[in-house]
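Undergrad: Here is what each chain is made of, one letter per residue.
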Amino acid sequence: MSAYNLDITKDRCPMTFVKTKLKLEELEEGDTLEILLTTGEPLNNVPRTATEQGFTVVETTLVRENIHKVVIRK
Amino acid sequence: MALTDSQIERYSRHIILKEVGGKGQQKLLNSKVLIIGAGGLGAPIALYLAAAGIGTIGIADADSVDLSNLQRQVIHFTPDIGKPKVISAKEKIQAINPDVQVRTYQQWVSAANIMELISQYDFVVDGTDNFAAKFLINDACVLAGKPYSHGGILQFVGQTITVLPGESTCYRCIFPTPPPKDAIPTCSQAGVIGVLPGVIGSIQATEAIKFLLGKGKLLAGRMLTYDALEMKFRDVTINRNPNCPICGENPTITQVRDELELLTVCDLEKP
Numbered sequence: 000m001s002a003y004n005l006d007i008t009k010d011r012c013p014m015t016f017v018k019t020k021l022k023l024e025e026l027e028e029g030d031t032l033e034i035l036l037t038t039g040e041p042l043n044n045v046p047r048t049a050t051e052q053g054f055t056v057v058e059t060t061l062v063r064e065n066i067h068k069v070v071i072r073k
Numbered sequence: 000m001a002l003t004d005s006q007i008e009r010y011s012r013h014i015i016l017k018e019v020g021g022k023g024q025q026k027l028l029n030s031k032v033l034i035i036g037a038g039g040l041g042a043p044i045a046l047y048l049a050a051a052g053i054g055t056i057g058i059a060d061a062d063s064v065d066l067s068n069l070q071r072q073v074i075h076f077t078p079d080i081g082k083p084k085v086i087s088a089k090e091k092i093q094a095i096n097p098d099v100q101v102r103t104y105q106q107w108v109s110a111a112n113i114m115e116l117i118s119q120y121d122f123v124v125d126g127t128d129n130f131a132a133k134f135l136i137n138d139a140c141v142l143a144g145k146p147y148s149h150g151g152i153l154q155f156v157g158q159t160i161t162v163l164p165g166e167s168t169c170y171r172c173i174f175p176t177p178p179p180k181d182a183i184p185t186c187s188q189a190g191v192i193g194v195l196p197g198v199i200g201s202i203q204a205t206e207a208i209k210f211l212l213g214k215g216k217l218l219a220g221r222m223l224t225y226d227a228l229e230m231k232f233r234d235v236t237i238n239r240n241p242n243c244p245i246c247g248e249n250p251t252i253t254q255v256r257d258e259l260e261l262l263t264v265c266d267l268e269k270p
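Line by line, the protein sequences give chains A and B.
So the first sequence is numbered by numbering that gives the first Met the number 0: it starts at 0 and just counts up by one.
So the second sequence is numbered by numbering that gives the first Met the number 0: it starts at 0 and just counts up by one.
Just so you know, these hints were derived from the structure itself, not from any lab.
Incorrect hints may appear among the rest.
Within a straight-line C-alpha distance of at most 16 Å, the following computed EDC-like cross-link-like pairs (lysine to aspartate or glutamate) qualify [stated by the list, open to error]:
1. A:Lys-22 x A:Glu-40
2. B:Lys-17 x A:Glu-51
3. B:Lys-26 x A:Glu-40
4. B:Lys-22 x A:Glu-24
5. B:Lys-214 x B:Asp-4
6. A:Lys-9 x A:Glu-40
7. B:Lys-22 x A:Glu-25
8. B:Lys-22 x A:Glu-40
9. B:Lys-31 x B:Asp-121
10. A:Lys-9 x B:Glu-18
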């Protein structure tokens, strides 16, 4: 099982999800993707859209002010 | 080959879609579509396929842009009058999307060239305006096993069907032979509302994209008709015809031929 990383803290909607989506496509069953994103719109939307497309959000943690870590598993 | 940053941005609204994604977009970029006819139907077909990032677009038409084309052939602009349609179309395709390789064929398709032409493409779109070409394209695609989209427009009414040779209804299953010569109105007599090819051509482009992605339900075995005056769409299921002269049980057409009787209908009447 592999773990991937992605930093979308500098991106804005919809590129936040576009980049997430491209990474998620590389995942095999059981792989995880750790995403760094800003609190607010990306935190509200990226995990929700990933869930809608069949992925599982396994962790959401505040890592520093205004930045969250979200772990998504296929 | 990975998508570049600018491709990721250009195709972002495709990539977001579950049915497309980066992999689907890559498929489109690796696809080849031939558009026969750079007129009313060919215009939206070429514009949307270019925007969608179809990697190679072939476009065949022998005609040049005429002032009377501009009411509906939205790929051609006023300064293009007199220019070969395939060149005018190529310029717009490349202006929209430099990712697209354009191959131009400034010629009419005929029995002599069509098999070689379609063999280089994954999908063919019929954007022609005459029965001779429509029957020729159907026959060639059925014989070559090449999937294609048929489209036709007249006045306020349009129709389209997607043909998957050997699997779904072909044009000759529905119309075994061309209509008698006198029954066919000429372009100048019949007229066409300018937005009509925009609707039908956009549907044909959608079918090409869905076929290339392998997603959704194609308009195969179903003819969609559109009446712009009544603003009604109808979707009629049409089964394969066992007596179809080309894809039936005992086919009588085994090679392409030009319907010479019909060739005069539209374009050859021009001076």
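Undergrad: Does the structure keep Lys-22 of chain B and Glu-24 of chain A at a Cα separation of 16 Å or less?
TA: 8 Å, holds
Undergrad: Verify the proposed pairing of Lys-26 of chain B with Glu-40 of chain A, using a straight-line Cα cut of 16 Å.
TA: Roughly 31 Å between the alpha carbons, so the hint for Lys-26 of chain B and Glu-40 of chain A is violated.
Undergrad: For the pair supplied as a hint, Lys-17 of chain B and Glu-51 of chain A, is the alpha-carbon distance within the 16 Å limit?
TA: Holds: Lys-17 of chain B and Glu-51 of chain A sit about 9 Å apart, inside 16 Å.
Undergrad: Is Lys-22 of chain B within 16 Å of Glu-40 of chain A, Cα to Cα?
TA: 26 Å, violated
Undergrad: Given the proposed pairing of Lys-214 of chain B with Asp-4 of chain B, does the C-alpha separation stay at or below 16 Å?
TA: With Cα atoms ~25 Å apart, Lys-214 of chain B and Asp-4 of chain B exceed 16 Å; violated.
Undergrad: Does the alpha-carbon distance linking Lys-22 of chain A and Glu-40 of chain A stay inside the 16 Å limit?
TA: Violated, at roughly 19 Å.
Undergrad: Next pair to validate is Lys-22 of chain B with Glu-25 of chain A; report whether the Cα-Cα distance is within 16 Å.
TA: Roughly 10 Å separates the two Cα atoms, so the pair holds.
Undergrad: When you check the alpha-carbon spacing of Lys-31 of chain B and Asp-121 of chain B, does it fall within 16 Å?
TA: Distance ~5 Å between Lys-31 of chain B and Asp-121 of chain B Cα, so the pair holds.
Undergrad: Is Lys-9 of chain A within 16 Å of Glu-18 of chain B, Cα to Cα?
TA: 27 Å, violated
Undergrad: Within a Cα-Cα threshold of 16 Å, do Lys-9 of chain A and Glu-40 of chain A meet the stated pairing?
TA: 13 Å, holds
Comparing the model with each numbered hint stated earlier shows that hints 1, 3, 5, 8 and 10 do not hold.
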